[in-house]
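Peer 1: Sequence:
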Amino acid sequence: MRVRPGFPAPEIPDTLPKKHHHHPGDTTISVVTVNDDFATPRSNLPHLHAGVILGQETKVVNSQHALGKDYGVHQDTDRLDKKGTTVAWKKDRFHELRSGYAMGVEPHGREMLTRWINFTDMEVGGKKVRMVSVHRPPERFKSLWPLFDKNLAEFVKKSKLPVIIGMDANQHDPQALAKLTGLDWHAPKGSIDGFLTTPGIKVSHMRRLHKGSSDHHPVQAQFTIPDGLT
83 MRVRPGFPAP EIPDTLPKKH HHHPGDTTIS VVTVNDDFAT PRSNLPHLHA
133 GVILGQETKV VNSQHALGKD YGVHQDTDRL DKKGTTVAWK KDRFHELRSG
183 YAMGVEPHGR EMLTRWINFT DMEVGGKKVR MVSVHRPPER FKSLWPLFDK
233 NLAEFVKKSK LPVIIGMDAN QHDPQALAKL TGLDWHAPKG SIDGFLTTPG
283 IKVSHMRRLH KGSSDHHPVQ AQFTIPDGLT
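The opening residue of the sequence shown carries number 83 in this note's numbering; numbering runs sequentially from there.
Treat the hints as calculated values from the structure; they're not laboratory data.
Note that the structure is a prediction, hence the values are computed from the model and not measured.
Don't take every hint at face value.
Within a straight-line C-alpha distance of at most 20 Å, the following computed SDA-like cross-link-like pairs (lysine to any residue) qualify [unchecked claim]:
| no. | residue 1 | residue 2 |
| --- | --- | --- |
| 1 | K242 | L311 |
| 2 | K224 | L195 |
| 3 | K173 | G154 |
| 4 | K173 | L130 |
| 5 | K141 | D160 |
| 6 | K293 | P281 |
| 7 | K239 | Y183 |
| 8 | K210 | P244 |
| 9 | K164 | G182 |
| 10 | K172 | N144 |
| 11 | K209 | T110 |
| 12 | K164 | V142 |
| 13 | K164 | S112 |
| 14 | K240 | K173 |
| 15 | K141 | K210 |
| 16 | K224 | I274 |
| 17 | K172 | S112 |
| 18 | K209 | D160 |
All chains, please: the whole structure from these sequences, using the hints.
Peer 2: What follows is the structure, encoded as structure tokens:
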């Protein structure tokens, strides 16, 4: 591969893109999940380009200001705990149907903020989908995982729409969580950042992006919602 001097080398996917046979009724969207690292005032959000952006650790940034007028944003900036997650979408393609929060887990005496399940129901290409951003408690508080996982599973099972969850799972390959929710886990090899999706949603072009100002690599992928799933 020839790289011109002064130009960065292109990012290399962790795996080769999967080939899918797309049908006329399928809808494909680009989604990125990003832990934005609250320890620094700088944000990766302005440097991301996707139809949907699912952010964690966004409590020190106003995501609407960071992303600009082209994006719709669901982030409660009046409460620090709810400000910590963001769901954002390109307004020229996605139509917001409903946004809200559900309980992830309270700290129960640990030095952390309440974890909320941040969601927005959207319509895109004639399909309806629930986009979710969550941040599982860190491993040092893994005693909270069973309650968090239970609440997330109950939230998912109540959803009448197919679900795409972007999350920092704070665990490599969280198959027990995936099994409990009934969803499929997708992430680059070795990453704790990834996606849980309703079975039947096809995932391709999964790749890590540059860390930028965060200590996490954002993860981006394409998701194809087949005709008949919604």
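Peer 1: All hints, please: hold or fail.
Peer 2: Verification of the hints:
Under the criterion of a C-alpha separation no larger than 20 Å, the hint pairing K242 with L311 is consistent with the structure, at around 11 Å. This hinted pair checks out: K224 and L195 have alpha carbons roughly 14 Å apart, not beyond 20 Å. At roughly 6 Å between alpha-carbon atoms, K173 and G154 fall within 20 Å of each other, so this suggested pair holds. Note on K173 and L130: the hinted pairing holds, with a Cα-Cα distance of about 15 Å set against a maximum of 20 Å.
Taking the CA atoms of K141 and D160, the gap is about 10 Å. The hint holds against a cut of 20 Å. Annotation: proposed proximity of K293 to P281 is violated, straight-line Cα distance about 29 Å (limit 20 Å). Between K239 and Y183 the CA atoms are separated by roughly 15 Å; this keeps the pair inside 20 Å, and the hint holds. Among the hinted pairs, K210 with P244 is consistent with the structure: their alpha-carbon atoms are about 8 Å apart, no more than 20 Å.
Among the hinted pairs, K164 with G182 is consistent with the structure: their alpha-carbon atoms are about 10 Å apart, no more than 20 Å. Of the supplied pair hints, the one linking K172 and N144 holds, its CA atoms being roughly 17 Å apart against a limit of 20 Å. Proposed proximity of K209 and T110 is supported: the alpha carbons are some 10 Å apart, at most 20 Å. Proposed proximity of K164 and V142 is supported: the alpha carbons are some 11 Å apart, at most 20 Å.
Distance hint between K164 and S112 is unfulfilled; the C-alpha atoms sit about 24 Å from each other, more than 20 Å. About 26 Å separates the Cα atoms of K240 and K173, which puts this hinted pair outside 20 Å; it is violated. Of the supplied pair hints, the one linking K141 and K210 is violated, its CA atoms being roughly 28 Å apart against a limit of 20 Å. This hinted pair checks out: K224 and I274 have alpha carbons roughly 14 Å apart, not beyond 20 Å.
Between K172 and S112, the direct Cα distance comes to roughly 10 Å. Compliance with the 20 Å bound is thereby established for this hinted pair. Distance check on the hinted pair: K209 and D160 sit about 32 Å apart at the alpha-carbon level, beyond 20 Å; violated.
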